[in-house]
Amino acid sequence: MRLRERTDDDRVRSGQNPADGGTNDANLNRLRLAGQDLLTAGADAIQKALSGDSERFLAATRQQGGQ
Amino acid sequence: MAERLMGIETEYAVSALYPGRGAFETNELVNRLMGRARMKLAHLPDNGGGLYLANGARFYIDYGDHPELTTPECTNPWDIVRYILAGERLLGGLADDLTRALGIEVMLFKSNVDYGSRWVTWGCHESYMHRAAPSVLSDQIIPHLATRIIYTGAGGFNSHSSGLEFTLSPRVPHLAGVVSNNSTSDRGIFHTKDESLTRPGFHRLHILCGESLCSETAMWLKVGTTALVVAMAEAGLRPGAVVGLRSPLQAMQTIASDPSCSAVVETTGGRCLSALEIQCHYLAQAESHLGDASMPPWAEEVCRKWRETLNLLLDAPESADEMLDWGIKRALYASYAKGRGVEWEWLDGWNRLMAEVRGALDDVGAPDCPLTADMVQDNLGSAHPAVCRLKAFLEENGFSWGELDALFRLRQELLEIDMRFGQLGGRGIFDGLDRAGVLSHHVSGVESIDEAVMEPPASGRARIRGEAIRRLASNNGNYRCDWQGILELGTNRVLDLSEPFEAAERWLEYEQAVSAEPTAFAALLTPLDGAPIRRF
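Chains as they are written, first to last, in the numbering used here: chain R, 33 to 99; chain A, 3 to 538.
A few of these clues could be false.
Claimed, not checked - One-sided excerpt, in silico: chain R residues whose CB lies under 10 Å from chain A:
#1 A58
#2 N61
#3 A66
#4 D69
#5 L70
#6 L71
#7 A75
#8 D76
#9 I78
#10 K80
#11 S83
#12 E87
#13 L90
#14 A91
#15 G97
Since the hints were derived computationally from the structure, they do not count as laboratory data. This one's a predicted model, so the numbers in the text were calculated from it and none came from an experiment. By construction, the Cβ of each residue, glycine as well, lies at the ideal position given by its N, Cα and C atoms.
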């Protein structure tokens, strides 16, 4: 296992996990395909959302306790 | 069929960051946000600087400088979701407006914990009107509240942890007991507050262990199922009787830390049941009483969706990945970590070590701030047992000490991602996924959100309030509003809203108001300086 720093092409990389197609179960296949779509769209949404300096973001957005 | 009345209060996090430097002062920011709301929204003022809106909702600044929106009182779960979304549309518009005025982005977040500090949380509270004796309610509902998190949990990380402990419900680590009357510290699963905000004869169950959610399905189920449990308890049934938990808080913590939904917890009767089994018990109770007069007209639809969701979690837990907040988050976060070379399962060991390292740092008085490799080494020294174990763990798993800071940065990124997940105004990760059409969280019948920004629900006193506010807002300096009435200053007439299912606009003369419902209108008839309102 090797650690990678976040890079701009992470979105593409994390979305490339093709299904193995080894099951005929339509439900499982549907779930798997939907899961891939979710991860691809998620990687894109995360890429757009992240500030680039998470430590600063978390420090600057600190909140007070509420109820 | 019996009508129910319920509502949701959501506290939001707000922030505005200057490019390259600090943040706009929060208190000033929320005051400006409220100032924009006063200028832009049709409203009547309340007694404390907040606003009642034309859709019957309330917007105000709550404890801890959190902008808070309540829904109007609603009679069904579809309207609850509808008015939450309408409120967020409205808030997003205010934030955009303020962004243009300030020249920096004003961000609003739907989240309940602050990852910048370990102990901070804020709320998303539920209110359920009922007529049950409050003393019987806690035993019947606590097992439900402790186990419903398998579909109502917001998902995220345990903010007490220096590692990355995924939890179904980030609010759970902030609960300190089972029953409590506190809302800002020592919070309990069951909150004993019982302020009906109606004429005598009603109670209000106030739940503060829940969370703000993005999934319509999760929001809808949260209020729908809980309202049915309240309805059964009110009818004298004992839906929680055989599933009482031996240690409710510990059980809730166990369930929250188990995304497989298979962990078992012990009941007072000595049985070991999973959250799914306890939820199935509640569902079976509700289904067996569907025809009862005490149940609301929408009970059957709630039971149908409840059963469908429990079956999905039982048969294919990954179905939650597109439908429920915690499932979506877990799938995304695991994928993100994997893309960085970190397997999700590896985090168990990492979290144990981080707890040990953080404990050792606390012991030597190290600052409570994000960890770095230098900070660990400088404060503990390389021979400290925790550091030695950390080095060994890294090596065993193919990492070098030099990669430790990258792991810490990954943690910070995932925490930011979690905060960004529920960002309002279309900029959040959840909204991005929804636009991409990869989620299956929508609830059929939750519609007309734009209309709900201005229009109150079709029934109940919120309709009367909303219609009156729309008509009177252009002269709002002459009125003061609260949940139970609208006071017309000068004449001291009161629009009576103390009856929760009020169907007509009834204005009372001052003498009538004071004599009819003295407790209902006490707050409204006491002006800000505390002196009684002048009689005419």
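Comparing the hints with the structure gives:
| no. | hint | in the structure |
| --- | --- | --- |
| 1 | A58 | 13 Å, violated |
| 2 | N61 | 12 Å, violated |
| 3 | A66 | 6 Å, holds |
| 4 | D69 | 5 Å, holds |
| 5 | L70 | 5 Å, holds |
| 6 | L71 | 5 Å, holds |
| 7 | A75 | 7 Å, holds |
| 8 | D76 | 7 Å, holds |
| 9 | I78 | 6 Å, holds |
| 10 | K80 | 7 Å, holds |
| 11 | S83 | 7 Å, holds |
| 12 | E87 | 5 Å, holds |
| 13 | L90 | 5 Å, holds |
| 14 | A91 | 6 Å, holds |
| 15 | G97 | 5 Å, holds |
Against the hints set out earlier in the document, violations occur for numbers 1 and 2.
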